[in-house]
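Based on the provided sequences and hints, a complete structural model is requested.
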Amino acid sequence: MFTDKVLSHNLIKKGDSIVIGVSGGADSMALLAILLSLREKWQLKLFVAHVNHHTRGYENEQEAQLIAAYCNRYQIPFYIGHFHKSGSENFHDEARKFRYEFFVKVAKTCGANKIALAHHEDDQVETVLFKIMRGNQLGGYVGMKSTYEIEQGIHVIRPLLSLTKQALITYCETNDIPYLVDSSNLSDKYARNFLRNRIIPLFKELQPDFNTKIIQLHEQLSEVDAFLQKNAQILSKELIILTEQERIILDCNKLKTIPLTVLRVILLNVIKKLNEVDLELTYEKTNTLINIINSTKPNLYYDLGKNIYCVKAYDKISFQKGLPKVEEYAIIIDELKEYMLPNGMKIRLKKVEEIAKTNNKKLFLCYNSTIWPLMIRTRLTGDYINTQVGRKKVNRVFIDEKIPAQERKTWPLLVDRNDNVLWVIGLQKCDYRAFPKCGEYIEIEIIS
13 MFTDKVLSHN
23 LIKKGDSIVI
33 GVSGGADSMA
43 LLAILLSLRE
53 KWQLKLFVAH
63 VNHHTRGYEN
73 EQEAQLIAAY
83 CNRYQIPFYI
93 GHFHKSGSEN
103 FHDEARKFRY
113 EFFVKVAKTC
123 GANKIALAHH
133 EDDQVETVLF
143 KIMRGNQLGG
153 YVGMKSTYEI
163 EQGIHVIRPL
173 LSLTKQALIT
183 YCETNDIPYL
193 VDSSNLSDKY
203 ARNFLRNRII
213 PLFKELQPDF
223 NTKIIQLHEQ
233 LSEVDAFLQK
243 NAQILSKELI
253 ILTEQERIIL
263 DCNKLKTIPL
273 TVLRVILLNV
283 IKKLNEVDLE
293 LTYEKTNTLI
303 NIINSTKPNL
313 YYDLGKNIYC
323 VKAYDKISFQ
333 KGLPKVEEYA
343 IIIDELKEYM
353 LPNGMKIRLK
363 KVEEIAKTNN
373 KKLFLCYNST
383 IWPLMIRTRL
393 TGDYINTQVG
403 RKKVNRVFID
413 EKIPAQERKT
423 WPLLVDRNDN
433 VLWVIGLQKC
443 DYRAFPKCGE
453 YIEIEIIS
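No gaps in the numbering here: position 220 of the sequence shown is 232 in my numbering, and each next residue is one more.
Simulated from the structure, these hints should not be mistaken for lab results. In this text, all values refer to a predicted model and were calculated from it rather than measured experimentally. Glycine included, each C-beta is placed from N, C-alpha and C at the ideal position. Each hint should be verified, as a subset may be incorrect.
Stated by the list, open to error - Taking lysine to any residue pairs in the SDA-like style, the calculated list, with each CA pair at most 20 Å apart, reads:
1. K177 <-> A45
2. K249 <-> S330
3. K328 <-> L267
4. K285 <-> D105
5. K421 <-> N311
6. K362 <-> C378
What the hints assert, rightly or not - Pairwise CB distance ranges (calculated):
7. D188 <-> P271: 52 to 58 Å
8. G147 <-> N84: 44 to 50 Å
9. T393 <-> Y326: 15 to 21 Å
10. T399 <-> P271: 46 to 52 Å
11. T308 <-> G69: 57 to 63 Å
12. E235 <-> H104: 28 to 34 Å
13. A417 <-> I459: 22 to 28 Å
14. R146 <-> E217: 20 to 26 Å
15. E350 <-> G394: 29 to 35 Å
So, in structure tokens, the structure goes:
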């Protein structure tokens, strides 16, 4: 039954050379055993790649030893990679990137044309639900593909997507296939584990065939996405002005004529081309990009995260890696996070309940919809700020603070949704007395 299901997807052909990503868990050990059972009949060349993440000490060593022993028993070449976390908050993103790069490296070394991964039906359900929770746009709700080309001549395949986790565990136990349980999967510390261990079981109580319903949703979304992708590819040829390794420029006026659903797909595809580490282009972020496209302001700038930036300059809009080098800019501030400014400053926004002791590097504002979203931009002719001693021209602030003329062009001003200057950042604040008291405040701080 298992081999028939694996082969029914037409992901494996006679004579394939396959690198199998094996963690030591029931899923990947079952995949290894199934492909091993097909090796002779299908004339497969098999190789095993394992990554030690060095996060669980002795457990990690046990996994490597178990896999090495199994490969030795069946004469399968075994490759091991070592990932050491950098200390950043993006451990899972970095680990995933390392694994895929390692698998590709092994595939090239062995001359393999496929990389087989052990994602199963339950993983697919989790992926779709997790993306819904994250607030992705339509195309972003599609789950994992059964196959795709990761590099020229090398395809990733997922032969187990129609099999459940429990079916794979049963297969291992019935056929005496050794496997280990990753203890970190039992903890609800991570959002995905919480979803798997707590939320999905509740859904299954209400709807016993919950997995089937989500898989059907995934299939329908995939069909819609395929249709939108086809249209997006046709239209993109007329929209893209320039494509470089770290920058893509599009015609802003032509983008305004594209139906919104297709426009969202085009924007997502552009980001994917630039982004080496997965960047979640949420519905909210996409709406911000659409507002930038339709804005009458000639110069706008938006930090998408993961070192990807959007810069609008008159009738062109570019997406690029790294900070743009511009003299005029306008940065939309619609999230409480850190922002790197083109003049080299770095600021952080966070929500607080009361105003602490302030200084030239901090500003506190009432957190309400009358000022939000904020914007950081360069000065405009006639800009002024309402201070405690009266109205003052921004240019006079620069003169009083002895700011060199060449620095004034790129000096950041914080403005509210109505373009009122709230802070000549680091130099002059607005009059706090003009704002009503409220229960929550935004603390804006220069951190470098």
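What are the numbers of the hints that this structure violates, sorted from low to high? none
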